Amino acid sequence: MTTQQIIFWFLSVVAVFCAIMVITRKNPVFSVLYLIITFFAISGHYILLNAQFLAIVNVIVYAGAIMVLFLFVLMLMNLNKESEPQKNKYMLWSGAIAGGMLMLVLIDAVRPEQKVQIYEGLSGGNVGLVKNLGTRLFTDYLVPFEISSILFLSAMIGAVVIGKRD
Amino acid sequence: MNLILFAGLLGVIMMIAGLLVKNDRAITYIAIVGISLLFLLNLVEMSTGPLVNLPVKDMLVTSKFGLLMNAIILMATLLYFIVCGRHIEMVGKHVPEYYALIFFVLAGAGLATSFNNLLMLFLGIEIISIPLYILTGADKRNLKSNEASLKYFLMGAFSTGIMLLGIAFIYGGTGSIAISKINVPESPLSLYLITGVLLLLISMAFKVSAAPFHFWTPDVYDGAPTVFTAFMATIVKVAAFAAFIHLFAGATGIFPSQKWKLVISVIIALTLVVGNITAVFQQSVKRMLAYSSIAQAGFMMFAVFSYNYISTEGILIYAAAYCFATIGLFAILLKMEDYTFNGFNGLAKKEPALAAMATVFLLSLAGIPLTAGFFGKYYMVASALSNGGSYLWLVILAMVCAAISVFYYFRVIQAMYFKEVQDDASDILPASLAFKYGLFVLAIFTLAIGIMPQLLLQYLYF
Amino acid sequence: MTPYSYLIPLLPLLGFLLNGVFRNSLSKSAVGIIGSGTVLGALIMSVLVFMEVKGDPTIVTLFEFIKVGDLSIPFSLQIDPLSSLFLLIITGVGFLIHVYSTGYMHEEAPAHYARYFAYLNLFVFSMLLLVMGANYVIMFIGWEGVGLCSYLLIGFWFKNTSYNIAAKKAFIMNRIGDLGVLLAVFWMIQKFGTVSFAGETGVLAQAAQLAVNDPALVGITLLLLLGATGKSAQIPLYTWLPDAMAGPTPVSALIHAATMVTAGIYMIARSNIMFTLAQTTSGVVAIIGLATAILAATIALRQNDIKKVLAYSTVSQLGFMFLALGVGSYVGAVFHVMTHAFFKALLFLGAGSVIHGMHHEQDMRKYGGLKKMMPVTHFTMLIGCLAIAGIPGFSGFFSKDEILMGAFAKSPVLYALALGAALMTAFYMFRLYAMTFMGKYRGDESHPPHESPASMTFPLIVLAILAFAGGYLGIPALFAPNAHWLEHFLEPVFAKSMAITEAHAIEHSTEWVLMGVSTALIVGIIFFAINKYKKYSDNGVAESGLGKVLANKWYVDELYDAIVVKPILGIGNFFKNIIEKAGIDKGVNGVGKGVLYLSRQFRLIQSGNVGNYVLMMVVAIVGFIWMVYYLKL
Amino acid sequence: MLVVLFILIPLLAGLGIFFTRNEGQAKVASLGISLVLLALVLYAMYQPAGSELTTYSRIWLGSLNSHFSFQLDGLGKITTLLTAVSFPLIFIATWDNHYKDASHYYALMLLTQAGLMGVFLSTDALLFYFFWELALIPTYFLVSKWGGERRIPVAFKFFIYTFTGSLLMLIGIIYLYYKTPDLSFAWESYKQVQLTFTEQTWFFWFFFVAFAIKMPIFPFHTWQPDTYEQSPTGTTMVLSGVMVKMGLFGVARWLLPVFPDMAAKMATPVLILCIVGMLYASLIAMRQDSIKRLIAYSSIAHIGLMCAAFFVNNPYGYDGAILQLFNHGVNIIGLWIVVDIIERQTGIRNMNELGGLAQKAPWMAALFVVVALANIALPLTNAFVGEFLMFNGLFEYNPWFAVLAGISIILAAVYTLGMIQKVFYGAEISQAAFKDLSKAEGLAMLTIIALILIVGVYPGPMIKLGQQGMEAVQMAMMP
Amino acid sequence: MPIEYYTFLACIIFGIGVIGVLTRRNAIIIFMCIELMLNAVNLLLVAFSKMHYARAVASGQQDVISAASEGQLFVFFIMVVAAVEVSVGLAIIVMMYRNTHNVDINYLNRLKN
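Chains as they are written, first to last, in the working numbering: chain A, 197 to 362; chain B, 230 to 691; chain C, 6 to 638; chain D, 7 to 485; chain E, 3 to 115.
Simulated from the structure, these hints should not be mistaken for lab results. Treat the numbers as computed from the prediction; the structure is a model and nothing was measured. Errors might be hidden in some of the hints.
Calculated Cβ distances over 12 Å to all of chain B for the following chain C residues [as the list claims (entries may be wrong)]:
1. S167
2. T199
3. M378
4. H513
5. G529
6. P572
7. N578
8. V596
9. S604
10. Y618
11. F629
12. L636
Within a straight-line C-alpha distance of at most 20 Å, the following computed EDC-like cross-link-like pairs (lysine to aspartate or glutamate) qualify [to be verified]:
13. C:K164 <-> D:E434
14. D:K163 <-> C:D590
15. C:K196 <-> C:D368
16. B:K648 <-> D:E155
17. B:K286 <-> E:D65
18. B:K293 <-> B:E274
19. B:K410 <-> A:D336
20. B:K579 <-> B:E566
21. C:K586 <-> D:E235
22. A:K360 <-> B:E318
23. B:K286 <-> A:E342
24. C:K581 <-> D:E477
No residue lacks a Cβ here, since even glycine has one placed at the ideal position from N, Cα and C.
Take these sequences, add in the hints, and give me the full structure.
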């Protein structure tokens with residue numbers, strides 16, 4: 197049991213546990229908080245897979261920005277009480293079963309014949325460093341990078357068109 | 230790739246125009262000018278090549294198919310603006326924003342027809358979808374519009390998740406997200422690839438509203454403001470199909486294999502049956518058209534099912550036929566005060582010209598000869614049969630469904646020509662001259678393609 | 006003259022067209038002249054042709070009618086002894102009846118008067134075509150043509166629905182027979198590749214090569230026989246003839262006594278060789294003939310409508326002719342056709358004259374004592390009765406005797422039965438005579454009967470002469486050897502058959518005895534009948550027992566109605582109401598309904614709940630993954 | 007070149023007439039056009055086969071190798087002649103009828119004629135399908151706009167029924183296209199298609215069903231009586247006189263030469279279907295009260311016989327059928343003309359409520375009787391020649407079939423004479439005034455009767471024409 | 003450390019997300035579950051990128067990082083899109099809430115059949 201394995205297992209357990217909590221908590225606020233923890237765990241995985249830059253971005257963007265946004269909205273609608281009436285049992289179980297089925301089928305589908313080792317030791321190289329990614333991003337991936345600006349523009353307009361009171 | 234660039238640009242221009250110009254009609258004119266420019270640019274690109282060359286690093290690829298698809302999309306949009314512009318102005322306060330969003334969607338469509346990398350596909354689909362979420366909800370006071378928008382958003386996001394999982398697995402399988410690299414890799418990773426492709430296929434099926442991933446379509450089309458429904462049901466759907474075809478045109482490594490054929494054939498069968506049969510009993514023409522768009526998607530899926538040169542030609546003709554006819558019908562529907570079939574009663578008396586053109590569009594959708602729709606269906610069936618007699622059952626099913634489709638398309642004709650108009654019938658909004666000419670052009674296109682499909686296809690062959 | 010023989014049918018056709026097209030503009034006299042004149046012309050032509058006729062047939066081909074593959078059917082006419090003889094009978098009797106009609110139909114409105122003569126001419130045309138046709142198809146044209154004309158003439162007074170129904174019945178019964186002829190023709194085409202009578206390649210020549218009772222031959226002849234029974238009113242298709250008396254009396258005389266009904270005999274005589282070879286069929290022919298003769302005679306015993314009596318007697322006489330054909334005495338048959346044409350036409354016209362005199366009263370019970378009031382009619386009628394009864398010296402005697410002898414030659418039983426029929430004939434004919442002319446007048450005195458105009462009595466006289474003298478064309482060898490002119494005349498037609506059937510020569514002694522016996526019996530019956538009915542008075546006692554059955558014609562019509570007509574109509578209703586409406590059409594509409602039903606159900610899947618939508622999508626995804634991974638392809 | 011005019015003239019004229027507002031103009035114009043067309047067709051009759059005038063071919067869909075190719079061969083001659091003859095007749099006979107939006111009515115009629123001409127002339131499968139539908143669409147509008155009270159559902163049933171059949175045929179057309187040696191829609195290359203047994207079976211039935219629905223053959227016939235009853239009579243004449251012949255024509259042109267072996271194999275089932283249909287329809291016709299339905303069912307019986315004759319695989323059947331194809335068209339139009347007059351004047355369709363018309367309208371009665379007699383194939387009428395040959399062919403194939411089918415002759419006599427008796431004879435039921443034939447109607451009827459008698463007495467030329475038409479079939483079926 | 007550990011982990015988290023979408027009624031929670039799905043995908047991509055790096059090293063190519071970095075860059079773009087979706091999605095939800103004072107998807111049933 198090497199250290200990485202210990203860390204891996206630890207992070208995985210945390211991630212899965214919190215994910216389950218996310219979908220089971222009655223109170224939306226708790227869900228958000230658990231989701232944030234999940235994201236932290238996943239960031240941990242990123243570091244383990246030496247994607248340091250992504251790990252940081254994940255924490256900042258997701259856990260930081262997005263989740264806070266969620267939190268704001270929840271507060272704004274003050275749904276922070278345990279307001280949500282439960283779905284009827286039938287829907288609940290059928291949903292759970294269907295999702296579980298999907299999970300199992302996926303897992304089974306992607307079980308390879310023989311094992312593919314992905315790392316021995318932390319010798320990760322500099323793939324995940326800002327330098328490497330940055331150069332790639334602004335050379336090969338320039339076009340998509342620029343184009344994503346259109347996305348943001350439309351999101352902005354969307355905020356205006358939908359959000360603006362009139 | 231001009232399209233992407235300039236469409237984005239025009240979007241921005243519209244936003245600025247929104248600040249400067251206060252008159253909605255002027256906005257519409259600007260938009261029409263803009264779209265015409267885009268169309269001309271596309272023609273230029275078709276003949277002489279792109280105006281500006283971006284350093285695409287083979288993220289994008291221009292193909293004759295893609296350019297022709299763009300041309301169809303742009304022409305359709307142009308006519309759409311001409312016949313529906315007035316109604317876009319009526320939706321709400323943010324007219325320039327609506328146009329801007331539409332232009333962004335066109336940029337996405339441009340991506341969809343020219344991507345050479347799954348990342349670009351992903352971005353394209355998102356750029357198409359996100360403005361649509363907004364347009365769907367554009368009629369803010371209307372609860373149906375809200376509901377449609379939220380449904381569309383939730384399910385769209387879900388399908389995005391599926392698509393991303395698929396792309397991730399493809400990446401896992403091939404170590405790349407470039408389309409050209411998608412081919413069967415050495416053993417241990419092939420499983421990832423298959424799963425990935427399947428999930429990608431499913432998410433695309435969602436975007437083109439093929440059963441059993443069609444559930445969002447009727448509700449969203451019904452709830453959205455009718456103008457935007459027209460846009461979604463025609464241009465956007467065609468763009469999605471372009472992406473679909475383009476994807477499998479590139480990924481020849483794994484397509485077509487019997488497994489995929491089976492999967493797709495099941496999807497087609499479900500789509501045809503659900504779309505056609507459910508449409509029969511609808512009372513609102515708008516919702517009927519939503520289901521008919523599902524049914525037509527079932528036919529277009531044939532192009533994916535049997536990917537060959539016939540289906541490439543076919544999807545072009547089908548796209549054009551479907552776009553023009555459906556836009557025309559929606560345009561006429563927009564003039565109606567009541568969207569039920571009875572609203573059409575006696576239209577031939579009140580507006581013979583409209584009725585005649587509506588008849589042309591309906592016949593085209595039903596696939597009657599002398600209209601473009603016939604050749605659309607013809608090519609689809611032909612592409613399926615050109616690979617031999619296996620899957621004959623699918624073709625027969627398709628034909629039976631085509632016969633069923635007559636049920637609901639001809640209900641409109643019967644209403645227009647043979648039903649007497651009741652005295653309490655709500656009369657129809659006045660139709661401007663531009664509107665009539667626009668419709669007329671649509672009808673002419675429908676008939677022209679129906680008699681001489683080459684007019685459209687020639688470009689592929691020189 | 007023979008090359009122009011196509012003018013013979015053409016003239017009446019011309020008359021038909023003139024009278025038909027200008028029926029509103031022509032005056033009655035003009036109509037009568039055109040109608041009778043054309044037929045007279047035809048008669049003259051026929052006589053001229055008759056003069057020239059020799060043993061072997063002459064064919065006059067007009068044009069190619071049908072030419073398909075190697076089958077060629079020319080539109081050609083044939084002149085030979087048989088056809089020329091029939092030509093004379095048809096045109097002769099036809100002419101007389103036209104003349105008679107000018108008087109008889111005189112009360113009709115001009116338009117209808119013209120229509121009547123048009124039909125009559127059309128009939129003569131078809132009949133001539135029938136006997137002149139040089140192949141079975143042309144014959145068939147005439148064959149159906151006469152059927153049509155009889156239909157038109159029976160329903161001449163079309164205001165009266167029962168007449169129309171009688172006409173319809175006649176046509177349909179004939180159609181049944183026609184189908185038989187048609188099938189026979191097809192069979193011939195298949196077997197012989199041609200339909201022409203004459204020539205080495207002709208049907209008859211080829212048939213002559215076949216073995217006795219060759220199955221194809223039997224089949225063909227049986228089908229022809231079906232046709233003949235239809236046209237000549239034999240069992241089982243005879244019931245239309247008595248109803249056909251709905252038509253004007255001259256029509257009954259011409260069509261339903263003298264000419265059309267003999268078409269069947271003509272056809273069988275024409276194809277005699279086939280029948281001779283197909284002995285099975287000949288047997289059937291003989292039996293049918295005899296049965297018909299007896300059945301009809303029994304019915305005639307108890308009829309009170311004068312025309313009905315004559316109608317049944319016609320059926321019975323036709324039965325005699327069939328018997329003759331069956332026993333192979335073709336000459337006898339044709340002979341009887343001729344004599345019968347004379348005396349039966351005479352009788353009908355006489356009856357017509359009586360009816361005309363009695364203001365269209367046909368019930369004999371209302372007659373009586375007309376002897377003085379209509380002397381000419383009475384006298385001619387008497388000759389007719391004697392002739393049909395077969396009193397020696399009158400024409401009927403010779404022909405009937407020849408038939409009886411032929412029957413005896415085959416078997417005494419046939420002879421006995423036939424004789425019985427002949428006796429009944431004598432009885433009912435003199436019952437008719439007595440009830441009509443003897444005793445005292447039973448009709449209403451207010452308008453007493455009167456003798457008919459000359460235009461009507463003249464034909465009666467002519468026919469009376471013929472009815473008396475006609476027989477001397479065929480004097481049996483018994484009286485004077487080789488005096489049988491008719492036999493020699495028709496010899497070439499029947500040569501082949503005669504060669505096959507070994508002639509049973511009956512010793513003259515037996516022949517004398519038989520003749521004596523029959524004559525004695527007949528005379529006895531006649532006196533019995535006269536005595537029984539000259540004092541006839543209508544004692545309103547209803548018929549009972551056998552008499553009732555006879556009066557009701559053995560209930561044959563009712564039987565047919567029950568076993569044929571009703572079931573067919575029933576099936577028709579079943580198809581119309583059950584299979585069509587509730588079966589096929591419901592099924593077709595059911596498809597549409599089914600689609601609507603499905604549609605209603607499918608709409609419910611679109612529940613409007615996002616949760617359900619996503620759920621179904623997930624399930625579908627699972628399903629597809631399962632398909633791809635676990636479905637072995 | 008000339009043949010293109012056969013299609014173009016009515017097409018363009020039809021489109022033009024749409025915009026005339028005045029009924030008289032439309033009437034005169036359409037009659038004139040149809041007469042011009044008749045003249046052209048008659049002229050073309052005398053052109054030798056394959057001459058410049060009677061053939062036309064231009065590339066149409068390059069990528070599909072489909073041609074705009076028309077040819078006037080023997081088969082085409084008979085059918086185009088029928089089309090060209092019947093339309094003037096119909097226009098003349100219905101001269102006194104008045105329609106609302108008359109211009110549209112006449113325009114649609116001419117469009118129908120264009121479609122029919124195209125069907126009969128095109129030698130390119132795709133083109134054939136095009137015109138097949140083109141002929142259908144205007145009819146749909148004609149029926150459901152100017153028809154009787156139940157016109158809309160009835161017309162719709164008719165349309166969807168036929169459309170479904172033709173879609174099956176479309177599958178067949180496309181499939182065969184990919185089996186042709188040179189990937190073309192030309193009739194010639196379709197005849198060279200080689201198929202496996204299963205393929206043949208499938209597509210033979212696809213084509214047959216499409217044609218059988220059009221003819222119609224039992225049990226695909228249920229659209230027909232309703233449609234005939236509900237359509238405006240002019241349209242009914244087109245439908246029963248010419249349009250149902252499309253099915254028979256299709257059999258002769260696209261079924262037998264393309265699937266000769268299968269046609270020979272499947273002859274017996276097809277014949278059984280036809281003969282059952284004949285008896286079935288005749289028996290139902292006997293029980294009809296509506297004169298229109300009676301004629302409709304009798305037409306089913308006759309069509310069944312023709313279809314059967316196409317499958318007996320001997321020259322008698324073929325020539326008889328092709329000849330009868332013309333005769334039946336002429337005769338049934340004659341019947342409808344009179345029915346139309348009666349219904350227009352009395353408004354009655356039920357025969358039991360009619361009667362005694364022979365007194366009021368003697369000429370109409372006389373002429374009708376002639377046509378009716380032709381309908382039951384009396385000798386010296388045109389139908390006799392045709393039916394004689396057809397039954398002969400049937401007999402050659404199997405005597406028992408001939409016997410069974412022959413029963414329908416008797417039944418035909420029963421119901422036809424019944425109709426005559428109920429309608430024209432007997433006492434006058436209604437005392438209302440009844441006009442005899444008008445000049446126009448008389449002209450039409452006399453023309454028809456002239457045709458009946460000429461063909462009936464001297465059928466040689468028509469038979470020759472038909473034989474030319476069936477040469478291709480015979481070559482394919484009996485090499 | 004074999005790759006399927008990570009694939010399994012990703013699939014599990016993804017599945018949990020799906021289950022969440024299916025079982026919850028609160029639109030916001032559902033949306034969060036979708037974010038969970040996206041994160042699972044991100045994790046998967048990063049793992050794959052690491053795997054491809056290892057394979058490249060093992061097979062001794064000189065360009066060891068290009069394949070690997072593609073995956074990570076893709077994750078970057080996914081985050082971009084996610085951000086956009088969130089902004090739009092929350093806007094829509096808020097609009098909905100304004101009109102109905104409710105974010106329960108079971109009340110979205112005006113449009114059906």
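Hints, one by one, checked against the model:
1. S167: holds (48 Å)
2. T199: Consistent with the label, T199 of chain C stays out of reach of chain B, its closest Cβ about 50 Å off (over 12 Å).
3. M378: It holds; M378 of chain C is separated from chain B by about 75 Å at its closest Cβ, greater than 12 Å.
4. H513: holds (88 Å)
5. G529: For G529 of chain C, whose nearest Cβ neighbour in chain B is about 85 Å away, the distance exceeds 12 Å, so it holds.
6. P572: holds (41 Å)
7. N578: holds (34 Å)
8. V596: violated (10 Å)
9. S604: violated (4 Å)
10. Y618: violated (4 Å)
11. F629: Contrary to the label, F629 of chain C does not stay out of reach of chain B, its closest Cβ about 6 Å off (not over 12 Å).
12. L636: The assertion about L636 of chain C is violated, with a minimum of 7 Å to chain B.
13. C:K164 <-> D:E434: holds (8 Å)
14. D:K163 <-> C:D590: holds (11 Å)
15. C:K196 <-> C:D368: violated (52 Å)
16. B:K648 <-> D:E155: holds (12 Å)
17. B:K286 <-> E:D65: holds (17 Å)
18. B:K293 <-> B:E274: holds (10 Å)
19. B:K410 <-> A:D336: holds (16 Å)
20. B:K579 <-> B:E566: holds (14 Å)
21. C:K586 <-> D:E235: Status holds; Cα separation ~16 Å.
22. A:K360 <-> B:E318: holds (18 Å)
23. B:K286 <-> A:E342: holds (13 Å)
24. C:K581 <-> D:E477: It is violated: about 40 Å lies between the C-alpha atoms, which goes past 20 Å.
Violation of the numbered hints given earlier is confined to hints 8, 9, 10, 11, 12, 15, 24; the remaining hints are satisfied by the structure.
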